[in-house]
Structure formats: C-alpha cells, structure tokens
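Make the full structure from the sequences, and use the hints.
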Amino acid sequence: MSALSRGGRKAFLVWAEDQNADDRFGEYYEVHGIKRPWGHLTETQKLKQALTEALEEMTEVRIRDVAHSIGIGHIGSNDVRVMAENLLRSHPDYRFVIMSDHKGQITSAFENGVLTCCEYEEG
107 MSALSRGGRK AFLVWAEDQN ADDRFGEYYE VHGIKRPWGH LTETQKLKQA LTEALEEMTE
167 VRIRDVAHSI GIGHIGSNDV RVMAENLLRS HPDYRFVIMS DHKGQITSAF ENGVLTCCEY
227 EEG
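Position 41 of the sequence shown, counting from 1, maps to 147 under our numbering, and the rest follow consecutively.
None of these hints come from the bench; they were simulated from the model.
Every residue gets a Cβ at the ideal spot worked out from N, C-alpha and C, and that includes glycine.
Do not take every clue at face value.
Said to hold, decoys possible - Keeping only pairs whose Cα atoms sit at most 25 angstroms apart, straight-line, the calculated DMTMM-like set for lysine to aspartate or glutamate is:
no.	residue 1	residue 2
1	Lys-209	Asp-171
2	Lys-141	Glu-163
3	Lys-209	Glu-191
4	Lys-209	Asp-185
Unchecked claim - Label pairs and their calculated CB-CB ranges:
no.	residue 1	residue 2	range
5	Gly-210	Pro-143	41 to 47 angstroms
6	Asp-185	Gly-145	16 to 22 angstroms
7	Gly-210	Glu-133	39 to 45 angstroms
8	Val-203	Thr-150	17 to 23 angstroms
9	Gln-211	Asp-185	20 to 26 angstroms
10	Gln-211	Lys-141	40 to 46 angstroms
As structure tokens, then:
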C-alpha cells in the first residue's frame, strides 16, 4: 500500500494527466541562466523542472511518480538528494522524506523519496 495519503495520490493523478514529455517539445526552460528546449535537457534537469511544477500544485510529490510521468525510468539516489536539497531552498515549507512501509526496509531516494509540506506520524 502506498504511504501517500489518498488525497495526495489523487492530486498527483490529476496533475499527471496534464504532463506528457511529448507536449513539452517546443517549450524552453531556464537552466543555469540559459533557455534550453526540453529535448536538450538532461534527465536530471527534466526531472527538476517537472518536480518544480508539481510542487506548485501539490502538497505531496512522490519523486518516482513524477519521473515516470515524464518518461524517466531511474535517477541515482545521490542525484535525487542533491536535487531535493536545491528544490527545498526555493520551497522552504517542504521537506524531503523517505516513505517506507516498515523500519529497516531498504530504501532508495528515487523509489521512496517524497517532497512534502505535510506532517506524518512515525510508525
């Protein structure tokens, strides 16, 4: 069962309906002060842009779900952690958490990482 709340999951599904990598071609994104087309961004840059958009609309943003919605299969955990730290600078109400079903479970920042402004009980 997903650790995300039902409301968070529903909000993601609504957001994801509007997201499609093919729709992004022709759009330009600013990366390091330079405007670049979607097709010229690295996977990490694409994910960062998509996460930024998701943070504007949702309270719980599961990194894996956003990545899969734009066609990215996997990004290294260290890259995800660095990206999350950078995103949290511009979204101070949010924090990066690892959701797991039970203590001691092996986790991955990509698979289990969530950016959220919600409070959770540790259980």
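These are the hints, each one checked on the structure:
Only pairs whose Cα atoms come within 25 angstroms are accepted, and Lys-209 paired with Asp-171 is accepted, the gap being roughly 22 angstroms. Among the hinted pairs, Lys-141 with Glu-163 is consistent with the structure: their alpha-carbon atoms are about 23 angstroms apart, no more than 25 angstroms. Distance check on the hinted pair: Lys-209 and Glu-191 sit about 24 angstroms apart at the alpha-carbon level, within 25 angstroms; holds. Distance restraint check for Lys-209 and Asp-185: the Cα-Cα separation of roughly 24 angstroms lies within the 25 angstroms cut-off, and the hinted pair is therefore satisfied.
The hint said 41 to 47 angstroms for the Cβ distance between Gly-210 and Pro-143, and at roughly 44 angstroms that hint holds. A beta carbon spacing of about 20 angstroms between Asp-185 and Gly-145 agrees with the range 16 to 22 angstroms that was offered as a hint. For the pair Gly-210 and Glu-133, the beta carbons lie near 43 angstroms from each other, so the given range of 39 to 45 angstroms is met. Evaluation of the 17 to 23 angstroms hint for Val-203 and Thr-150 yields a pass: the beta carbon distance comes to about 20 angstroms.
With their beta carbons about 21 angstroms apart, Gln-211 and Asp-185 fall inside the hinted range of 20 to 26 angstroms. In this structure the supplied range 40 to 46 angstroms holds for Gln-211 paired with Lys-141, their Cβ-Cβ distance being about 42 angstroms.
Every hint, counting from the list given before, is met by this structure.
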